[in-house]
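Engineer: Those protein sequences? They're chains E and P, same order as listed.
Each residue of the first sequence is one higher than the last, beginning at 1 in the working numbering.
Each residue of the second sequence is one higher than the last, beginning at 1001 in the working numbering.
One thing to keep in mind: the hints can contain errors.
As the list claims (entries may be wrong) - Heads up, simulated EDC-like pairs for lysine to aspartate or glutamate below, C-alpha to C-alpha not over 20 Å straight-line: (1) P:Lys1118 to E:Glu54; (2) P:Lys1060 to E:Glu13; (3) P:Lys1044 to P:Asp1075; (4) P:Lys1126 to E:Asp66; (5) E:Lys16 to E:Asp42; (6) P:Lys1060 to E:Asp57; (7) E:Lys16 to P:Glu1050; (8) P:Lys1118 to E:Glu53; (9) P:Lys1060 to E:Asp42; (10) P:Lys1126 to E:Asp29; (11) P:Lys1126 to E:Asp17; (12) P:Lys1126 to E:Glu13; (13) P:Lys1048 to E:Glu54; (14) P:Lys1060 to E:Asp66.
In short, the hints are calculated from the structure, not lab data.
This one's a predicted model, so the numbers in the text were calculated from it and none came from an experiment.
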Amino acid sequence: MIKVLFFARLQEELGKDNMELDTAGWTIDELKNWLEAEYNLDGVTQTMTAVNEEFTDGSHILASGDTVAFIPPVSGG
Amino acid sequence: MTSNYFELTDQPIVTEAVIEKVKRREAGAVTTFIGTVREFTNDKRTLKLEYQAYQSMAEKKLADIGDEVYEIWPDAVAAITHRIGMLDISDAAVVIAVSSPHRKTAYEANEYIINRIKEVVPIWKKEFWEDGTSWVGDQLEKTHYPTGEPWKGEGHD
């Protein structure tokens, strides 16, 4: 299973902060496109993505046990 | 560097404690940056702010920034504490302390750190305005990341 984390506006749009998905073997871009279509999750395709707490790109292939986080533009400081 | 040089807290930040982490006999300068909650942005009034973080990754990214600083300015020592949760006007959201033998490095490294925090550390600010709320950095209005990755920083290739 893949654990997916949502923050800030994405979390509010979705109404939850995480989900478990059976998407091993998918790329990040495939996952983003699916989430956008399935949950009408506006803007998920424009976020940064971290896998296991490191930034990665859209071609990264997910493996079982990965934790994916969609990172909207950050605004700390 | 030990990891508690780079931390998140849900309690008010004690500025002196952050400074103490970087003080040392070799240092002739300590710069401190305190990022505080601003009441007015242009004409819009903020009532309070909420900071949310991907905590484990945020602390790791703060430490990565510390590594970048060390690569660029090997004689600098940095400490960063960022607050999360609800903050009132004028509360400190972030405190950055940098020590170095000479002041130029402490000034430059400190500014580098706050700039990098605003680029790569997964922390988000929610504004509570008089007439509603919004997450700052809203991806429909501001920066987009078409490659999915942020800029990697001067300390990296």
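Engineer: All the hints need checking, so say for each whether the structure fits it.
Structural biologist: Verification of the supplied hints:
1. The hinted pair formed by Lys1118 (chain P) and Glu54 (chain E) meets the criterion: a straight-line CA distance of about 17 Å does not exceed 20 Å.
2. Restraint check: the Cα-Cα separation between Lys1060 (chain P) and Glu13 (chain E) comes to about 27 Å, which exceeds 20 Å; the hinted pair is violated.
3. Restraint check for Lys1044 (chain P) and Asp1075 (chain P): the C-alpha separation of about 42 Å exceeds 20 Å, so the hint is violated.
4. In summary, the hint linking Lys1126 (chain P) to Asp66 (chain E) is not supported, as the alpha carbons are separated by about 28 Å, beyond the 20 Å threshold.
5. Distance check on the hinted pair: Lys16 (chain E) and Asp42 (chain E) sit about 15 Å apart at the alpha-carbon level, within 20 Å; holds.
6. Restraint check: the Cα-Cα separation between Lys1060 (chain P) and Asp57 (chain E) comes to about 19 Å, which is no more than 20 Å; the hinted pair holds.
7. For the hint pairing Lys16 (chain E) with Glu1050 (chain P), the CA-to-CA distance comes to about 18 Å; that is within 20 Å, so the pair holds.
8. Of the pairs offered as hints, the one joining Lys1118 (chain P) and Glu53 (chain E) holds, with about 17 Å between alpha carbons and a cut-off of 20 Å not exceeded.
9. As the CA atoms of Lys1060 (chain P) and Asp42 (chain E) are separated by approximately 28 Å, the hinted pair breaks the 20 Å bound.
10. Distance hint between Lys1126 (chain P) and Asp29 (chain E) is unfulfilled; the C-alpha atoms sit about 27 Å from each other, more than 20 Å.
11. For the hint pairing Lys1126 (chain P) with Asp17 (chain E), the CA-to-CA distance comes to about 16 Å; that is within 20 Å, so the pair holds.
12. Taken as a hint, the Lys1126 (chain P) and Glu13 (chain E) pair is honoured in the structure, with Cα atoms around 14 Å apart against an allowance of 20 Å.
13. Between Lys1048 (chain P) and Glu54 (chain E), the direct Cα distance comes to roughly 31 Å. Violation of the 20 Å bound is thereby established for this hinted pair.
14. A C-alpha spacing of about 17 Å is found between Lys1060 (chain P) and Asp66 (chain E), which places the hinted pair at or below 20 Å, so the restraint holds.
The structure is inconsistent with the numbered hints 2, 3, 4, 9, 10 and 13, although it conforms to all the rest.
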